[in-house]
Amino acid sequence: MAYFRVTLLRSAIGLPKKTHGALAALGLRRRMNTVYHPVSQDVAGMIMKVKELVDVQEVEQPLTKTEMREMRRPDPGFYVEKRAGLGR
Amino acid sequence: MLANPIRRSAHCVLESSSNLPPAFLLPFRARLSTVSQPVDSSSVPASVTTQTSAPTVDSIRDSSGPSTKRDVSELETSRRIPLSPKNFSSAVPRNPKPPESHTKRDSSLNTANTGVHVTPKIPSPTSSTPSIPTTPLSGSVRELLPLLKAQTPHYITAHIYARPYLLTAGDIITLPFLMHGVAPGDILRLNRASVLGSRDYTLRAGAVEGISLVGTPTGKMKIGYLDERLFECRAVVMGTESEPMRIKEKTKRRQRRVKTVRSKHRYTVLRVQEILVKSVKEIEKEENLEGVILVEERKE
Numbered sequence: 001m002a003y004f005r006v007t008l009l010r011s012a013i014g015l016p017k018k019t020h021g022a023l024a025a026l027g028l029r030r031r032m033n034t035v036y037h038p039v040s041q042d043v044a045g046m047i048m049k050v051k052e053l054v055d056v057q058e059v060e061q062p063l064t065k066t067e068m069r070e071m072r073r074p075d076p077g078f079y080v081e082k083r084a085g086l087g088r
Numbered sequence: 001m002l003a004n005p006i007r008r009s010a011h012c013v014l015e016s017s018s019n020l021p022p023a024f025l026l027p028f029r030a031r032l033s034t035v036s037q038p039v040d041s042s043s044v045p046a047s048v049t050t051q052t053s054a055p056t057v058d059s060i061r062d063s064s065g066p067s068t069k070r071d072v073s074e075l076e077t078s079r080r081i082p083l084s085p086k087n088f089s090s091a092v093p094r095n096p097k098p099p100e101s102h103t104k105r106d107s108s109l110n111t112a113n114t115g116v117h118v119t120p121k122i123p124s125p126t127s128s129t130p131s132i133p134t135t136p137l138s139g140s141v142r143e144l145l146p147l148l149k150a151q152t153p154h155y156i157t158a159h160i161y162a163r164p165y166l167l168t169a170g171d172i173i174t175l176p177f178l179m180h181g182v183a184p185g186d187i188l189r190l191n192r193a194s195v196l197g198s199r200d201y202t203l204r205a206g207a208v209e210g211i212s213l214v215g216t217p218t219g220k221m222k223i224g225y226l227d228e229r230l231f232e233c234r235a236v237v238m239g240t241e242s243e244p245m246r247i248k249e250k251t252k253r254r255q256r257r258v259k260t261v262r263s264k265h266r267y268t269v270l271r272v273q274e275i276l277v278k279s280v281k282e283i284e285k286e287e288n289l290e291g292v293i294l295v296e297e298r299k300e
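Respectively, the protein sequence lines represent chains A and B. Letter by letter, the first sequence follows residues 1 to 88 of full-length UniProt numbering. Letter by letter, the second sequence follows residues 1 to 300 of full-length UniProt numbering.
In case anyone wonders, no lab produced these hints; they're calculated from the structure. Predicted model, so just to flag it, every value in this text is computed and none were measured. Careful: at least some of the hints might be erroneous.
Quick list of simulated restraints, FRET-style, between CB atoms [what the hints assert, rightly or not]: (1) A/30 with B/187: 37 to 47 Å; (2) B/260 with A/9: 12 to 22 Å; (3) B/282 with A/73: 51 to 61 Å; (4) B/172 with A/1: 50 to 60 Å; (5) A/39 with B/254: 45 to 55 Å; (6) A/25 with B/187: 28 to 38 Å; (7) A/40 with B/180: 21 to 31 Å.
Below, a list of computed lysine-lysine pairs in the BS3-like style, where the Cα atoms sit at most 25 Å apart [as the list claims (entries may be wrong)]: (8) A/49 with A/82; (9) A/82 with B/285; (10) B/248 with B/222; (11) A/82 with B/278; (12) B/149 with B/252; (13) B/248 with B/149; (14) B/264 with B/250; (15) A/65 with B/222; (16) A/51 with A/65.
Ideal placement from N, C-alpha and C gives every residue a C-beta, glycine not left out.
Please construct the entire structure, taking both the sequences and the accompanying hints into account.
Structure representation (structure tokens):
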């Protein structure tokens, strides 16, 4: 099943209440928030209401919040080769 | 809209019976291969939760994803991958020769459905165990590495949590964070570096094809890392430092109550013990001994 990956790129500050409402319906609370919604006419309509503020991609699998967070996690770049102390 | 090509890590083929880590945890390396390799499911760290979402692409290669926290997993040891050119070929000493770039692009990408984008996979695995390297050295590296090795002292740009630190032997670094799980006296092996150089020679990691995924921090360029076989960099944990006590007063106008917040952060101090550049013989000897091949490219 395909999903829309919707990212809020521009803020809705100063925009009409309806626009705020559309973003709330999509679940976009702040800039750079990313949400996944299944592809449907309803969701497509909501996106069309805020299409200037938002980036949309079509994707097969939605990611959860933890998954997206893990994607951002960097590589430690080190490992502990030898521990100090006796028998550690 | 971005056309996100399907990325297959050229690690191992997932057996249908074993648990596939979620697609987002597969490494970002995208070294494609048409050769099937057996997978060792023990290479998948225990911390990876297996979810029901099926892999989006046929024959997604399994490889261990990033392990959380200090989960020392046997990540690297059990992976076997076909030979693939890596950043070796483009890790070229700069001076005095002009750099060559042999960076292989992911030319064998193919999308399952043309209209549907696949979410890019999670970037690099953690370096919680020594990784066992892979492909043969490219000609220019083989030629100039001895020259680089002979010209001490060396410097290195090591990346700790993707932040670069320009180091040489004997340097003392105060990290901007407190490193957990280490005690004074522990020896750390820094294995992510982008630049390794001496006075006249510089070994750089090849350019890395980044996926710019909207909504992820792609302000920084994707970092390409050197192959770990080329160098050894050790640092010892010296201890912790702390900043002077900071007091923040929080209050509002015309409000008598003043709240005080005290901060005294601690920072880990490391001392770089040594930076060794390996010789070609040593590298090839290791490779023969190990017999496993591992894709090298790290992306951040």
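Quiz item: Out of the numbered hints, which ones does the structure contradict?
Solution: 2, 3, 6, 7, 8, 10, 12 and 13
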